[in-house]
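S.K.: Per the working numbering, the sequence shown runs over residues 1 to 239.
Just so you know, not all the hints are guaranteed correct.
Stated by the list, open to error - Ranges of calculated distance between the beta carbons of each label pair, as one might list FRET restraints:
| id | residue 1 | residue 2 | range |
| --- | --- | --- | --- |
| 1 | D227 | R11 | 19 to 27 Å |
| 2 | L222 | A101 | 42 to 50 Å |
| 3 | E33 | R3 | 16 to 24 Å |
| 4 | D54 | K212 | 42 to 50 Å |
| 5 | A25 | E237 | 30 to 38 Å |
| 6 | I73 | E33 | 37 to 45 Å |
For the record, the hints were derived by calculation from the structure and aren't laboratory data. Since this is a predicted model, take the numbers as computed values, not measurements. The C-beta atom is built at its ideal place from N, Cα and C for all residues, glycine as well.
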Amino acid sequence: MTRIPLHAEDRERARRTFRHNPLFAELDDLQLERVLDRTRLARLEPDAILFEQDQSATDIYLLESGRIKLSRISPEGQEKVIHLVAPGNTFAEAVLFSGMARYPVTATALNACRVYCIDVQTYADILRESVDACFAVMARMSRKLHEHVAEIDRLTLHNATFRVIAYLLDQIPEEQKGPDTEIRLDIPKHVIAARVSITPETLSRTFSRLQKEGRLSIQDNLIVLHDVERLRRFIREGA
Numbered sequence: 001m002t003r004i005p006l007h008a009e010d011r012e013r014a015r016r017t018f019r020h021n022p023l024f025a026e027l028d029d030l031q032l033e034r035v036l037d038r039t040r041l042a043r044l045e046p047d048a049i050l051f052e053q054d055q056s057a058t059d060i061y062l063l064e065s066g067r068i069k070l071s072r073i074s075p076e077g078q079e080k081v082i083h084l085v086a087p088g089n090t091f092a093e094a095v096l097f098s099g100m101a102r103y104p105v106t107a108t109a110l111n112a113c114r115v116y117c118i119d120v121q122t123y124a125d126i127l128r129e130s131v132d133a134c135f136a137v138m139a140r141m142s143r144k145l146h147e148h149v150a151e152i153d154r155l156t157l158h159n160a161t162f163r164v165i166a167y168l169l170d171q172i173p174e175e176q177k178g179p180d181t182e183i184r185l186d187i188p189k190h191v192i193a194a195r196v197s198i199t200p201e202t203l204s205r206t207f208s209r210l211q212k213e214g215r216l217s218i219q220d221n222l223i224v225l226h227d228v229e230r231l232r233r234f235i236r237e238g239a
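Starting from the given sequences, assemble the full structure and let the hints guide the process.
M.R.: Next comes the structure, spelled out in structure tokens:
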């Protein structure tokens, strides 16, 4: 895996992508160009490792396409999936403020990925100059903290059915409306199982039960959620 400077076409593509991300939307044009000057593009094949747990932290990242798995290895050698990064999202931002010199997780490509690797020192310098950009980062970190607290609640207080439904609802694209919604699973089911802290066998049984109950339909990697509002109500009442 190599990280290459942004050439003209890639730079314009990156500029559009960065402008739609909350961490960079508040930067003025000159500040964004400074960031792009110190940004590299990584193209990853499936199963390629972007960085490893405890590796020295020099960059934050923005995923343009593909899926990235963030995971930790326990002292017993078991992998715990911490997060699945979707396109358009940043990750490893914690190194900006925590003083951590090393990444706390391993980042692995689940499929072919394009990732922007952003020099952390350059971005930190810009934050010191821009109050708006700094507050945007703080808001992003705050949202992530609340998401992680909610995730801990799911994994410790609720059963497999609740976790699976909550995960599927989180995958619904914002633009999709209506009572029935399609979701295409672009990651292996064993990774989904690890993400919601159940075994692959439990995931399969949960999918089968939800199909029998008429809550969803499955055909290969396509899942149709039936009566999404009812499913959301199930989550709200179980929270």
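S.K.: Where does the structure disagree with the numbered hints, that is, which hint numbers, in rising order?
M.R.: Hint 1 alone not satisfied by this model.
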